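Participant: If you want the building blocks of each chain, they are given just below.
Number of protein chains: 2
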Amino acid sequence: MTAVAESPRGISPGFLNELRAICGPDGVLAGAADMHVYDCDAYTIEKHRPDVVVLPTSTQQVSEVVRVCAREGVPFLGRGAGTGLAGGALPVGGGVIIALTRMKRILEVDLRNRRIVAEAGVVNLSLTRAVSADGYQYAPDPSSQMACTIGGNVANNSGGPHTLKYGVTVNHVLGVTLVLPDGEIVRIGGKEEDRIGYDLVGLVVGSEGTFGIVTEVVARLVRQPQTVRTMLGVFDSVESATNTVSGIIAAGIVPAALEMMDRLIIQAVEAAFHFGFPLDAGACLIIELDGLEAGIDEQVERVKAICAANAAREVRTAANSAERDALWKARKRAFGAAGRLAPSNITQDGVIPRTKLPQVLREIEQIVARHGLRVANVFHAGDGNLHPLILFDETDPEQLRGVVAASEEILRTCVAHGGSITGEHGIGLEKSHFVTCQFSEKDLETMGQIKGVFDPQGLCNRGKLFPSGHGCMEVTAKRRRSVAL
Amino acid sequence: MTAVAESPRGISPGFLNELRAICGPDGVLAGAADMHVYDCDAYTIEKHRPDVVVLPTSTQQVSEVVRVCAREGVPFLGRGAGTGLAGGALPVGGGVIIALTRMKRILEVDLRNRRIVAEAGVVNLSLTRAVSADGYQYAPDPSSQMACTIGGNVANNSGGPHTLKYGVTVNHVLGVTLVLPDGEIVRIGGKEEDRIGYDLVGLVVGSEGTFGIVTEVVARLVRQPQTVRTMLGVFDSVESATNTVSGIIAAGIVPAALEMMDRLIIQAVEAAFHFGFPLDAGACLIIELDGLEAGIDEQVERVKAICAANAAREVRTAANSAERDALWKARKRAFGAAGRLAPSNITQDGVIPRTKLPQVLREIEQIVARHGLRVANVFHAGDGNLHPLILFDETDPEQLRGVVAASEEILRTCVAHGGSITGEHGIGLEKSHFVTCQFSEKDLETMGQIKGVFDPQGLCNRGKLFPSGHGCMEVTAKRRRSVAL
Chain V
1 MTAVAESPRG ISPGFLNELR AICGPDGVLA GAADMHVYDC DAYTIEKHRP
51 DVVVLPTSTQ QVSEVVRVCA REGVPFLGRG AGTGLAGGAL PVGGGVIIAL
101 TRMKRILEVD LRNRRIVAEA GVVNLSLTRA VSADGYQYAP DPSSQMACTI
151 GGNVANNSGG PHTLKYGVTV NHVLGVTLVL PDGEIVRIGG KEEDRIGYDL
201 VGLVVGSEGT FGIVTEVVAR LVRQPQTVRT MLGVFDSVES ATNTVSGIIA
251 AGIVPAALEM MDRLIIQAVE AAFHFGFPLD AGACLIIELD GLEAGIDEQV
301 ERVKAICAAN AAREVRTAAN SAERDALWKA RKRAFGAAGR LAPSNITQDG
351 VIPRTKLPQV LREIEQIVAR HGLRVANVFH AGDGNLHPLI LFDETDPEQL
401 RGVVAASEEI LRTCVAHGGS ITGEHGIGLE KSHFVTCQFS EKDLETMGQI
451 KGVFDPQGLC NRGKLFPSGH GCMEVTAKRR RSVAL
Chain E
1 MTAVAESPRG ISPGFLNELR AICGPDGVLA GAADMHVYDC DAYTIEKHRP
51 DVVVLPTSTQ QVSEVVRVCA REGVPFLGRG AGTGLAGGAL PVGGGVIIAL
101 TRMKRILEVD LRNRRIVAEA GVVNLSLTRA VSADGYQYAP DPSSQMACTI
151 GGNVANNSGG PHTLKYGVTV NHVLGVTLVL PDGEIVRIGG KEEDRIGYDL
201 VGLVVGSEGT FGIVTEVVAR LVRQPQTVRT MLGVFDSVES ATNTVSGIIA
251 AGIVPAALEM MDRLIIQAVE AAFHFGFPLD AGACLIIELD GLEAGIDEQV
301 ERVKAICAAN AAREVRTAAN SAERDALWKA RKRAFGAAGR LAPSNITQDG
351 VIPRTKLPQV LREIEQIVAR HGLRVANVFH AGDGNLHPLI LFDETDPEQL
401 RGVVAASEEI LRTCVAHGGS ITGEHGIGLE KSHFVTCQFS EKDLETMGQI
451 KGVFDPQGLC NRGKLFPSGH GCMEVTAKRR RSVAL
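Here the protein sequences line up with chains V and E, keeping their order. Residues 1 to 485, numbered by the working numbering, are exactly what the first sequence covers, in order. Residues 1 to 485, numbered by the working numbering, are exactly what the second sequence covers, in order.
It is possible that part of the hints are untrue.
With a Cα cut of at most 30 Å, we get these calculated DSSO-like pairs of lysine-lysine [to be verified]:
{"no.": "1", "chain 1": "V", "residue 1": "Lys104", "chain 2": "E", "residue 2": "Lys104"}
{"no.": "2", "chain 1": "E", "residue 1": "Lys332", "chain 2": "V", "residue 2": "Lys442"}
{"no.": "3", "chain 1": "E", "residue 1": "Lys356", "chain 2": "V", "residue 2": "Lys165"}
{"no.": "4", "chain 1": "V", "residue 1": "Lys104", "chain 2": "V", "residue 2": "Lys191"}
{"no.": "5", "chain 1": "V", "residue 1": "Lys442", "chain 2": "V", "residue 2": "Lys165"}
{"no.": "6", "chain 1": "V", "residue 1": "Lys304", "chain 2": "E", "residue 2": "Lys104"}
{"no.": "7", "chain 1": "V", "residue 1": "Lys165", "chain 2": "V", "residue 2": "Lys332"}
{"no.": "8", "chain 1": "V", "residue 1": "Lys165", "chain 2": "E", "residue 2": "Lys442"}
Simulated from the structure, these hints should not be mistaken for lab results. Since we're looking at a predicted model, the values are computed, not measured.
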């Protein structure tokens with residue numbers, strides 16, 4: 001297994017007592033077993049044990065905890081549901097995790113102005129559930145939406161299958177309450193549509209928790225579409241499916257979602273959910289259209305014609321919402337189902353121009369095979385946002401080395417094809433050594449200075465986003481040593 | 001007329017010669033008559049004369065000019081077409097204007113990946129014209145799009161009538177080349193869809209030229225809609241038109257545009273363009289639907305039914321693209337046409353929650369009337385983005401005082417109703433004293449520090465965005481003195 005980096009920091013009983021006075025006795029965890037629960041998020045390759053976990057119930061409590069940390073020079077970070085795939089919620093070097101899971105109140109629903117105000121620990125899907133009876137929804141829908149929190153979504157500017165049509169978190173979050181790293185509480189943005197001055201909300205969204213702790217979020221609600229049509233296209237090859245994606249977009253159709261699953265994923269998902277996917281298909285496309293009832297069936301026919309023109313074996317249309325839900329359940333839980341394929345897997349998250357999908361997918365397959373491993377692909381094809389899942393066994397040091405090497409080669413391939421190293425999962429800890437391959441020294445210097453504006457002490461979510469060393473490879477080597485190979 | 005603030009700075013012959021060596025003899029203007037041309041933009045209430053205007057033809061030249069300015073401590077700023085309505089391109093305290101009008105090359109059109117790369121001085125409409133034969137467009141369309149430049153759009157995060165459906169500049173600009181205030185050239189973002197790390201592109205877009213000079217822009221292209229339907233709804237009152245706007249949105253229809261003109265504007269526009277607007281109407285709505293042919297006529301029928309339910313007097317549909325173009329020409333030139341109503345006018349730019357339109361419009365009318373003036377309204381009703389035009393005579397000091405006072409009261413009213421002080425024109429010089437009414441000291445401190453990251457010398461586009469004093473009223477009084485009343 002992997003080693004746990006030990007905290008170098010002694011946390012004093014007095015410090016713990018102060019935290020208990022703020023959050024209550026049951027709001028502070030410090031026992032070894034409790035700390036083990038928080039030593040990683042959904043990026044399981046590295047573990048970092050916190051010294052303390054606090055569970056505040058209000059912005060005021062978060063502010064007081066941060067103030068104590070700042071005074072004592074103790075690092076801290078916010079954590080939502082811990083579903084992040086890039087290690088953004090790992091307490092590098094120990095310190096205090098501020099878990100926002102108890103801050104899960106929806107503070108206001110304003111349907112007339114289409115706004116919702118929620119605490120950071122509210123689960124993504126709960127936002128939509130709070131307003132769905134009235135015909136509204138919160139649009140961004142990460143696959144982890146049943147667990148992940150709106151605060152975590154803000155940190156990572158999360159996307160999801162419906163990003164293609166509806167955009168990502170930054171397009172739907174209009175304001176945040178932020179506890180700055182000195183404990184001060186500020187409100188940035190608000191309910192109004194337009195941001196004035198420097199776009200601080202846009203800057204905070206996607207800053208991966210490095211500017212402070214977001215405790216409340218003002219988000220946009222949108223009307224549920226009047227109607228939805230969900231299709232499953234079955235293809236003999238990834239190529240045909242990819243050409244179909246290009247064909248649909250070229251026809252001026254903007255599907256709500258355009259998701260691809262390759263053969264390995266289809267097999268895993270079918271084994272888990274018995275949806276009825278054809279096990280011998282080369283690729284499946286989930287194509288969802290939504291909008292007004294008027295004209296949607298004509299669009300369905302056009303999509304079917306494009307599928308047929310690209311040698312689709314068949315196109316099924318979900319007959320009702322139960323069938324649609326079953327299909328989405330299979331897609332959104334594909335990462336979990338992949339657990340059937342190998343003891344461990346790691347999901348990469350690169351972006352490439354959509355037109356390069358077939359070529360890059362071939363290269364990824366070759367890269368992974370070269371390291372003696374297998375790869376399964378499930379991804380947002382409409383966005384060119386790839387999610388290769390590398391299958392491995394983490395008890396085998398050789399395979400673990402191969403995974404790390406293959407992941408890097410995959411990301412380099414994405415950059416070489418004009419893409420980038422993360423589409424929606426963030427940089428976090430996982431890719432912090434990799435940003436030098438995409439950013440210049442000057443970019444990083446500017447970003448570091450902006451970080452310094454918010455967090456001059458550098459205590460907030462240490463070790464994320466920025467490379468800890470200078471050269472790409474050097475840091476990689478350093479990082480590799482922290483994994484027990 | 002208004003006084004011109006004199007430059008306190010002596011520009012040496014040596015400095016001028018250096019600029020001439022960089023930009024060529026015809027690329028440097030310093031004569032009094034030339035300077036007069038550049039002493040204001042479309043915000044004509046104040047004038048500030050530059051010391052020098054340079055007309056570079058490349059990013060390299062811009063960089064060299066900036067380097068010389070930085071070395072000499074001379075303030076500088078970028079300027080596009082000078083169509084900005086908030087005085088963002090005024091050289092407060094003199095200095096060097098870097099006019100980007102000669103940098104008007106389209107550098108790359110990449111239709112497969114739907115990207116266009118253009119120099120900052122390219123006129124907004126030229127982007128669309130470069131790709132329209134291939135069925136594409138650059139979506140944001142400010143009313144000044146026949147003149148305004150993409151660089152200016154980036155500075156102000158410009159919107160336009162089609163913002164409602166397509167979003168503003170920041171949703172369509174993916175990368176910029178920025179000359180930093182020390183002369184260094186950096187490229188931020190690029191062609192890829194997703195931004196990683198801190199969203200510096202998002203930060204630069206809308207920063208009103210205070211972080212440096214944007215010289216090149218990478219923008220997204222979108223498909224032209226397959227079909228368009230443009231309607232003109234005629235109403236007896238602004239109230240009925242507003243209720244129609246709410247009704248359309250509530251029905252889940254997302255029009256491409258939803259624009260309102262009130263009676264005074266209708267009369268001015270009709271006098272200028274003879275489109276056939278009914279002169280006795282209380283308000284007209286331009287309602288545009290676009291998308292796929294399939295189903296669009298059903299949507300048109302639904303919109304007509306909603307208009308009828310809100311007592312529309314009639315709903316006309318443009319029969320062809322010539323009629324459509326004539327209607328949009330009338331709308332987009334409404335500000336110009338308003339010149340028929342009074343010797344001078346000033347356009348305000350506030351945002352309010354859409355649901356409060358009728359109430360706020362009534363209050364605006366009362367405010368303006370209290371100062372003995374008239375107001376005409378033309379605005380993006382779907383966004384709640386108001387554009388009251390206050391009509392006055394700038395040779396009458398009493399009226400000028402009334403305009404300034406009424407403008408402030410209008411913006412306060414917007415803020416009081418949960419809105420903000422600018423929707424799309426920016427803060428510029430005009431509203432720089434007003435931001436304290438919307439931002440806290442801490443907000444401004446944070447923004448000031450971010451400004452300092454990019455521009456530690458504080459030379460780049462001085463006097464914009466930030467209040468030069470502390471209290472709202474104090475600065476206002478100071479600013480008022482700079483206008484010869």
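Participant: The structure should be examined with respect to each hint, and the outcome stated for every one.
Facilitator: Structure-based check of all given hints:
no.	hint	result
1	V:Lys104 - E:Lys104	violated, 52 Å
2	E:Lys332 - V:Lys442	violated, 41 Å
3	E:Lys356 - V:Lys165	holds, 29 Å
4	V:Lys104 - V:Lys191	holds, 20 Å
5	V:Lys442 - V:Lys165	violated, 34 Å
6	V:Lys304 - E:Lys104	violated, 43 Å
7	V:Lys165 - V:Lys332	holds, 17 Å
8	V:Lys165 - E:Lys442	violated, 36 Å
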